[in-house]
Every structure is written in structure tokens, then in C-alpha cells.
Amino acid sequence: MRRERSASGPCARRLAPEAEARGAIGERCPLCGSSAAPEAAGCRACALARWCGLTMACPRCGYRYPPESSLTRWWRRWRARAARRTVGPADPPEKAGQARGAHPLPRLGLGERARIVSLVPQDPRRLARLVGLGVVPGARVLLRQKHPAVVISVGETLIALDANVAEGIYVRRADSGGEG
Amino acid sequence: MAQPAVKFDASHGRAPGSFPIVLVGPPNVGKSALFAALTRRYTTVANYPGTTVELSRSRLAGAEDREVVDTPGVLSLLPFSEEERVTRDLLWDGSAVVLLVGDAKNLERVLFLALQLAEMHLPMVLCLNMADEAAERGIFVDAAALGARLGVDVVPTVAVRGRGIGQLRAALSRARPARPLTAYPPELERILERVAAWLPEDLPGARGWALAILAGDDTLARRLRERVSHEALRAIETLRRKARDLGPEPLSYRIAGAQFRCARELAEAVTRRSRRGARPGPRSLRALETLAVHPWAGLPLLAAVLYLTYLFVGRFGAGTLVDWMEGGLFERWINPWAVAAVERVVPWGWVRDMLVGPYGLVTMALTYALALILPIVATFFVAFGILEDTGYLPRLAVLVHRIFRRMGLHGKAVLPMVLGLGCDTMATLTTRILETPKERLIVILLLALGVPCSAQLSVILAMLAGLSAAAMLIWAGVIVGVIFAVGALASRVIPGRTGDFIVELPPLRVPVLSNILAKTLARIEWYLREAVPLFVLGTLVLFALDRTGALGGLERAAVPLVRGWLELPPQAAGAFLVGFLRRDFGAAGLYAMAREGMLDARQVLVAAVTITLFLPCVANYFVIMKERGWKVASAVAGFAFAMAFLVGGLLARTLAWLGWRAL
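Residue numbers (the working numbering), protein chains in the order written: chain A, -4 to 175; chain B, 369 to 1031.
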């Protein structure tokens, strides 16, 4: 999945929203381990502070550290992806209420049916749109394709989603859960 | 509790029989078709979500004192988007009869809205449109049972064929509020009741207000502040915070979730499905549905669609029809006749010139507008209408999603861009279907810069058709390249975020001929009204400039730019000048020059690229100004102007350097 680049300059480095939502992979504060998006440190006295982006600060503990270089980021993500490929669903469930055996929608195979278990907390607008389209916990989905966008059918409705939206929809395969 | 000084209910003293009828429903369920059937007036109907972007008002046919309002489609009445807010605000005034329109195939989605309307205590009638499509799929809704449960009339209709409209009109006089059936989680319900208790007693639909407040509807909070005491406001705020602490999810989601669950249960209770997997409609269409969005099988289909469109618009419209209209009708009949008539009737030389001279109203303005451009615009509108009604366009959005992400957009942005091939002005209005200001701005910029409208496209294609396939490819390559480069750059420079790509794909349908004809006629009328006056104005300006000798002066002034930089003959300056009014007008002028053999192959190509990237037309400029303010409009126009000459000049240089001739 491509990382969404923020347009407002190097200082505004943020995590990709899907990583933020899961908090599983992504940059973490080296001191306190918070996965909240680091802020530009803004060393006030420095004349270059507006453009530099060389120091990031953790919003939780205030610890300052240099941002990850794109090379290490690529390496870390590649490792994380490789790990997921071998181990299977490795992401710890985000919420307490998240049932075991649930995984993000795009991990279904093509043509597989599943039941939606939860939508992880996201932007309220996104939730509202999904709910309005019938993508709600309990609804049955059929994954039709993954590229160039994820296409699912819910009831009689066919819906195309961006992959990062689909990642936030947790489902359980129709055969593995208690419900048919 | 103290009674508020302000009167809440604007409807007091008026009978519901005189309330306006407001059509509300999810996107793409046929509200506009129903609107047309009820009012016998046409608004644009198409098979993709977001066709209606503004409220349209009209009168009920046969009861002219009754107003009918068509609204943009909404997924929810807890508003999150501009259209949803517009619709919600219209309803909150409390003096409307709601005609809720839904699609029997997706019953739970319209029931979701019905339950929200029930909380708002608005009189309503539920209309299940597209009953034929549901039946084809083996889905039958027991309208009577549903009506009994909700406590309102439920009428199945097929609006495009006018079925069920009579029953619907009868039911409208019996409109009444539905029963609020939603069961919220008990702790939420308790808070809800307490919030509602703080609201004034004469407020209809207090529960609806309370829900909206809890869901975090900020615009509503502002309206509320004018109407309730400080004490109540503070108490409500405390309750709202308490409700927010109930769980990790946003409150709006918890509320909507409860409503949707109830809607689904209700839908399941009244729907009967005959034999599973009943294949609806022609089988070939269902196969195409999957094929059209397939990552690679979709591409040949796309190519076929484009090629057919080109055959129809480019060959038939721009070739056969234009030859017939211009070469036959105008050159042979109308113009000689007009010249003869004017010469006999009008004694003054300058009036003659104004009517039939080289910059004459008949010989230039009408010939360009009606003979050169109208046939092409008309064929494009027919082709686009067919594409709209089949439901292919949202699938196109899926296919191009990946590429558009590179431009900081998502696939949905392709809809205004394709519509821009018809008319950039209309397309600029349609950018409202995009969610964030950033996306809208990028698309508006790209439309104004590089998407040629059908009128212009046709003239340019006609110009290039005289050259070679290579010229056509170079032109297309340069334009597409500029669009992508500018898009990618703009997405980096313009701050803000991109909205989510969540698009509903409507079923592919066989278009209804009458709808396409009605739509084409409405659009042609619109084109004539907008374009012809501008052509006349532009011709008059040119004529005045020519008479006073200012045209020569302007051409001389433009020599460094037009001749030195673009390497075109100085007369082209006149064409660019009218290009300020409409790009297609400018293109038509260049086309006329090319036909007279004043341009060589390289110059034709450079002229075509420059005029394609030229300023948006005046109407488009005004629409941008309306949507984003004059600063943005001027910036867009200035950028397009600079970009057009920059790219045109660079192309001229590159071609000269390569020694390119029409291969």
C-alpha cells in the first residue's frame, strides 16, 4: 500500500492513516512507545525551523528524535510485511471488544464471503458514509476484487473502496465464525 | 422550563396540504426521475450518484400552488457532507412534507433514512422506486406490511415509466410522521430523553434535535444557541460529554449503527426473496458489470467504449454532420441568401459588414455556433447520455483510481473530468461530489486548464484530422501529460487532505431512449442559451476592433508572443482574442485559418495545443468565481494562460528542433 504523503512540507510528517488506526506497524516514539503522529519539534530560536524537519517530537512525552530516513522506513515496512506474510494475521486487535479471528477485509480471498465484525474507530465522516451504504457490523460482504480498488457487495449494493478504507473494516469468514 | 421567545414552528397556522413536497432519498434511486414525473418538468437524470448537486424547485403538475423540491442524494440525515447539510437544513424548518424515495433492492438503506425522519417527526410518504428492477432480482417487498409497521403510506413506483405516480399523488395527501421504531442502547436512550426534555416543548421532533446534538452536529448547535436558555445549553453539553464517554466509537456512529440495525431488521421482516440467485436482467449485462471494473479485462472494454464514442462524435458528428451543416446548409444556402438579402435591404456598408462581412453576425457567429459546433455538441451529449444511463461512469472511476491517486485525487474525480469533455462549466459545478476542498480545487484547475469541452474538442479534432495519426497522438500526449504533471504538482502544493474513495456502483442498465432524448434536448437548449450570446458578443467585439483598426494594433502587439514565441502567423492573435470568451470560438478561428491553408502542419499542432490549454471560457470563469471566489478564479485563469503559451512555445521549439513535419 502506498503511503499517503502530506502536502504541507517536510515538517508535517505523519503516519499513514491506516497505520494510525491499527497502531501496529509504523513509527513509534523511541522513548515512550507512543504511536501518535510525531510533531515537528520547531526549535523556536532556529531560523531554519520552518523548513528543517530534522527533529521530531513525540506529542505524548515530548522526547525529540530525528525522523526515520526513507531507507530505514522502507526496510522496516518490508520486514513487517514479510513477517505478516509468514505468520498470518499478526496485528494485535485494536479494541478490547474485537473478537478473535477477525481480520481486515482485504485479507479475504477473491469471491470469499464474510460477516463484518467491526469498523475500527476512524474518521466520523468515513463511518457515516459506510453506515449509510450498509457497511455495518453484522452485514454480510462478498469480496469481488482488490485491484485497482477493493470492490465488495453488501446485500444488493456493489461498493468500490480504496484499500486504506477497506483495511479498517474487520470481518470474519463465513465458515470460521459461529454465525453462518 | 421557560417558553422561548422565538417561535419554532414556522408551520403554525398553515395546513400541511400547502407544505412543499421535498424529495429525499439515498443517491441514485431516481429522485430526479420521480421529480420529472410529478412536475412534468425535466431535470438531469443519470445512472450515477451525484447527478443532482443543487436543489431544484418546481410546481406539482395539476396542483400548481404546491411546490416540489428535488434534493441531492443523502446517505444519512446526520449530516457529514455539503449535500446532506443542505437537505437537512431544508427539513429542519419543520414545514415540509417528505417524499422519501428508496430502492426496493436496498430497502434497509431507505428505511435507515425513514427512521431518522421519524425521529424528526416530519410527515412523510415512502416511495419504493425501481420496483421493476427489484422484481427482476426476485425481491418482493410487502408494501402494506411495511406501511403498517411504519405508520405511513408505502407506494411502489417505476418513475422512468410513469408507473405508480397516480397512487403516489393520492398518498401525499395522507402524509404523516412515521413511528420512531429505533431501539438505542438503554444508557444512550436515557441520555437522549434527558436532552430532549431540555428542549422547548413546542418544538416538533425534539428527539431528532437531541440525536443531532449528540451526534455532534455543529451547525445545529449554533441554531440552537439562539433559541434555548444558557442553563439548558450547559446541561445539554454536560449530557453530551457523558454520552461520549459511553464507549470508544464516535457517538454519531453508535446512533447511526442502532438505527441501521433496526432498519435492517425491519427490511428483513417485510422482504420476500424468491429463489436465491435469480439472475436479473439480460445475462450479458451482468457479465459486463464484473468485466467493466476488472483490472485488465476492463481496459479493452474502455478502449472499445472510447472508440465507439469517437466514431459517433468524431466521425459522424464532426465529419458527416458538420460537412452537411456547414458545407451544405450554411455555405450553399443560408449565407449566400443572407448576403443577398442584406445587400438588397441594408444601404449602409458597415451594417452589411456587421451582418455578413468577414466578422459578420451571420457569417461568423451563427456559422460557428450552429454549423461547426452544434452538431458535435449534440452528438457528444447523446453519447454521454448513453454512458451516464448505462452506469458505466462509476466503473470508470474504479479503473482509473490508481492513476488518479498519483494526482492527490481519487477515482471519483474522473466523473467531473469526463463530464468536462462535454462542458467544463457544468463539470465545475459537479466537483461538489468530491468531499474535500483540496480535491475540488485540483479538479477545477485541471478542468479549466486542460480538459477540452466537446465544442472545442470537435473543432480541434477536425483541425488535426487533416494531419496524421502521429499529430493526434502528440496532441493527446502533450495534453494528458500536462494534466498529470499539473495535477501531481498541485496535489503537493495545495494543502489539505484527500477524501475517502467510497463509491457505489449502480447496476448496468439498458438506457431508456426517451430519457436520453429529453436529456440531450435539455442540454442543447442550455448550450444554445449560453454559447450563442457569447458568440454574438465576441463577433461584435472583433467587428468593432476590426473597424476601428484596433485589431491590427492588437495583432501587432501580440506579434512577439504569437509569432516570435509560438511561431504562428500574426492573424492567429485574433483567434486567441476571442478565445478569451470561449476556447471553442478561438479554436474555430484557428480551424478556419488552417482550412484556408494559412498554417503548416507544425503550426496547426502548436495552435491546437495552445488553444486546448487556453483560458477557461467566460461562463466557466464565472462558475469558478461562484464556487471558490474571484481570487481563485483569477489565479486559475492566469495560470492557464501562462501554461498555454509556455507549453505551446516549448512544443513549437521541440518540433522545430526535431525537424517534425506531418509524418
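Check the hints yourself; a few may be wrong.
With beta-carbon atoms standing in for the labels, derived distance ranges [stated by the list, open to error]:
id	chain 1	residue 1	chain 2	residue 2	range
1	A	Thr67	B	Asp461	50 to 60 Å
2	A	Ser65	B	Leu670	47 to 57 Å
3	A	Arg68	B	Leu881	22 to 32 Å
4	A	Ser64	B	Met966	52 to 62 Å
5	B	Glu561	A	Ser64	37 to 47 Å
6	B	Arg547	A	Gly104	53 to 63 Å
7	B	Glu605	A	Thr67	45 to 55 Å
8	B	Glu636	A	Ser64	47 to 57 Å
9	A	Ser65	B	Arg963	34 to 44 Å
10	B	Leu614	A	Arg68	53 to 63 Å
11	A	His142	B	Leu423	30 to 40 Å
12	A	His142	B	Leu908	34 to 44 Å
13	B	Leu670	A	Pro132	45 to 55 Å
Coverage of chain A stretches by chain B, computed from C-beta distances (three or more under 8 Å per stretch; other residues unrestricted) [as the list claims (entries may be wrong)]:
id	segment
14	97 to 111
15	137 to 147
Short derived list, chain B residues pointing at chain A, Cβ under 10 Å [unchecked claim]:
id	residue
16	Arg477
17	Ala583
18	Leu619
19	Arg770
20	Glu803
21	Pro805
22	Asp868
23	Leu873
It is worth saying that the hints were derived from the structure and are not from the lab.
The beta carbon of each residue, even a glycine, is placed where N, CA and C say it ideally should be.
Outcome of the hint check:
{"no.": "1", "hint": "A/Thr67 x B/Asp461: 50 to 60 Å", "result": "holds (58 Å)"}
{"no.": "2", "hint": "A/Ser65 x B/Leu670: 47 to 57 Å", "result": "violated (35 Å)"}
{"no.": "3", "hint": "A/Arg68 x B/Leu881: 22 to 32 Å", "result": "violated (56 Å)"}
{"no.": "4", "hint": "A/Ser64 x B/Met966: 52 to 62 Å", "result": "holds (58 Å)"}
{"no.": "5", "hint": "B/Glu561 x A/Ser64: 37 to 47 Å", "result": "violated (56 Å)"}
{"no.": "6", "hint": "B/Arg547 x A/Gly104: 53 to 63 Å", "result": "violated (43 Å)"}
{"no.": "7", "hint": "B/Glu605 x A/Thr67: 45 to 55 Å", "result": "holds (46 Å)"}
{"no.": "8", "hint": "B/Glu636 x A/Ser64: 47 to 57 Å", "result": "holds (54 Å)"}
{"no.": "9", "hint": "A/Ser65 x B/Arg963: 34 to 44 Å", "result": "violated (55 Å)"}
{"no.": "10", "hint": "B/Leu614 x A/Arg68: 53 to 63 Å", "result": "violated (38 Å)"}
{"no.": "11", "hint": "A/His142 x B/Leu423: 30 to 40 Å", "result": "holds (38 Å)"}
{"no.": "12", "hint": "A/His142 x B/Leu908: 34 to 44 Å", "result": "violated (54 Å)"}
{"no.": "13", "hint": "B/Leu670 x A/Pro132: 45 to 55 Å", "result": "violated (36 Å)"}
{"no.": "14", "hint": "97 to 111", "result": "violated (count 0)"}
{"no.": "15", "hint": "137 to 147", "result": "holds (count 6)"}
{"no.": "16", "hint": "Arg477", "result": "holds (6 Å)"}
{"no.": "17", "hint": "Ala583", "result": "holds (8 Å)"}
{"no.": "18", "hint": "Leu619", "result": "holds (9 Å)"}
{"no.": "19", "hint": "Arg770", "result": "holds (4 Å)"}
{"no.": "20", "hint": "Glu803", "result": "holds (8 Å)"}
{"no.": "21", "hint": "Pro805", "result": "violated (13 Å)"}
{"no.": "22", "hint": "Asp868", "result": "holds (5 Å)"}
{"no.": "23", "hint": "Leu873", "result": "holds (4 Å)"}
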